[in-house]
Amino acid sequence: MASHGDNANVFVRDEGRAKWHDESLWLIRTKRDSVARTVPEWEELRTAAAAIKEYTVANLPDLLERFETNARQRGAVVHWAADAAAHNRIVASILEARGVSRVVKSKSMLTEECGLNPYLECRGVEVVDTDLGERIVQLRNEPPSHIVMPAIHLRRQEVGELFARELGTEPGLTDPTRLTEAARRHLRDKFLGAEAGITGVNFAIAESGGIVVCTNEGNADLGTSLPPVHIACMGIEKLVPRLSDLAVFTRLLARSATGQPITAYTSHMNGPRDGAELHIVIVDNGRSELLAKKDYRQALGCIRCGACLNTCPVYRRSGGYSYESVIPGPIGSVLGAARDPARHQSLPYACTMCGSCTDVCPVKIDLHAQLFGLRRDLVSSGAMTSGKRSASRVVSWVLQNPRAYEALGSAARFISLRLPWLARFALPAWFASRDLPEMPKRSFRQQMEDLGGE
Amino acid sequence: MASDRDTILQSLRDSQAAASGDLPQVRIRPEVYADPVAHFSIAVESVGGRCLRGSREERVALIGQVIESTAARQVRWEQLPGDTGGTLGAVESPQSLAGVDLLVAGGRFAVAENGAVWVDDGCLTERAGLFLAQHLVLVVRLEDVVNDMHQAYERLQSADFGYGVFISGPSKTADIEQALVIGAHGPRSLTVVLES
Ligand code: SF4
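These protein sequence lines map, in sequence, to chains A and B.
First residue of the first sequence? That's 1 in our numbering, and the numbers climb one at a time after it.
First residue of the second sequence? That's 1 in our numbering, and the numbers climb one at a time after it.
Some hints could be false.
[Stated by the list, open to error] Covered stretches of chain A, going by a simulated chain B footprint (3 or more residues, C-beta under 8 Å): (1) 258 to 265; (2) 410 to 418; (3) 439 to 445.
[Unchecked claim] If we take Cβ atoms under 10 Å as the criterion, some of the chain B residues that face chain A in the derived model are: (4) 8; (5) 26; (6) 54; (7) 55; (8) 68; (9) 71; (10) 74; (11) 75; (12) 79; (13) 81; (14) 92; (15) 174.
I should point out that these hints are in silico values taken from the structure, not numbers from a laboratory.
Backbone N, C-alpha and C fix where the C-beta goes; we use that ideal spot for every residue, glycine too.
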């Protein structure tokens, strides 16, 4: 596994793209800020959302059972999957038993996590991702690079080339409206011909047994209102206790995600359509283990809005793929490293500790504090790379020795003012995309003394 | 061998001392708009929709304008607020609605905060129509505009529906370079008619 830093290096090589990626995401962050400001009770909503999720996580087994009973009563078939393999088996067997070979799917990070598409494709099932961004990355044989905007890393020219090749649009077409129109026509046929629809679940309501799916495109609704079979796949953490809790979450989700006041469609499904089937697959796949980790269980409250990705200075400048984890960005680093610290050991360090993620998270997950904790765990478990370990030892010693600190400070000032080439020579990697800040001639302490202070 | 269900529930139960805490009481100061209807129409426009106002008698004329401006040929009317009589006869299949240019449907209520209209299967023949139609008109009674989502879910608490959806504006996407495109998979336009 390559480290986050190595992967990020590849991403920043294309300077134009990296800059554009950074700016597009920052624009979304700004939109989020301005709509959040129009809601005077924003902070109260966040506090309420955090409390509801905390309650949910603490009472998950009971809530799951209640949800199951109520969903069954409404006519849904409820399945349980301990891991990804079980999830894929269940979905495949539902499809197989009905002879389904054409499936439309709307966005679900869970099915991505489980690797459902390749599993079904191997069994001769055509799975078409119907969210435009997901369809784009699917046609490119790539995973999504963002949890809300799967194709955020691509430029319009790349989509134009892809559509010319795959959908037969005229070569050189780059206008987003016309490209979207081409995708609309292509996917309309897929919707009308589908034999089953698979969706994720944004919220599952324990007290009613209903599920809620949010989209802007309307793809989840087309995918579930036409074919006779709907399979909804949800992680165990998607529950909320009450219907009224949705008021809190629907007010937060889209505003945090894209700066919209609500998604275009917030669809509530209580049981199957008349004459159709609804299967709900409840998946654990490592979530109960995360829940057992007191320090990190808060991360199960995530509603996948993507706000922490959009605001993260590291994500914006390194791109989703640099994380090598299904979910990138701050929340992906927490989930990845908490689940498999050895595999994702560079992720807790893909963070500047600026805390911006924690500030924007609608459910108030202490993301940067969790990343800090994960670093601590890596150190105490001895899993840290030797380079990082020696560097931390040196820094820790320096910070504990005022004299050494002072000496190093003046050496650094001397080098940066007089011999900047030496620094460049010694640390080429660091300087590849950075420059030294301008250093003052005298240290803070010296300046204080000049002022006659202590 | 234990089923996956038992394994999951057991490991969840093992992993925490005990179920804890009371259900948090959500007491959010509700939004109270001086003029919720005006707020609603601004919100609808901001999400790419249009909002018209008129009396019950003006309904046909108002919707006629939409039919004209969208050049819709195949228009389908669902049961609208205040309509008596049964719903439209069942259709052959949801797919058969694919050719509908404009669907006129009834919304139960509208939300000033975000321009959303609640539509449920109680007054629809096939919900697919809402998404297959090229253009959508939703008719809501003026008195059914609520302030915010808290009030909206209060209304839904006692509602009985198999399927219901908040629709806020036409279908849209920004998946190509963040450029907003109206008319992703669903309707290319949404007009809300508020009726007094
Ligand atoms: S951790 Fe918070 S900010 Fe990040 S995606 Fe989840 S809910 Fe959104």
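Quick rundown of the hints versus the structure:
no., hint, in the structure
1, 258 to 265, "holds (count 7)"
2, 410 to 418, "violated (count 0)"
3, 439 to 445, "violated (count 0)"
4, 8, "holds (5 Å)"
5, 26, "holds (5 Å)"
6, 54, "violated (25 Å)"
7, 55, "violated (28 Å)"
8, 68, "violated (23 Å)"
9, 71, "violated (17 Å)"
10, 74, "violated (16 Å)"
11, 75, "violated (20 Å)"
12, 79, "violated (16 Å)"
13, 81, "violated (20 Å)"
14, 92, "violated (12 Å)"
15, 174, "holds (7 Å)"
Violated hints for the displayed structure, listed by number in ascending order: 2, 3, 6, 7, 8, 9, 10, 11, 12, 13 and 14.
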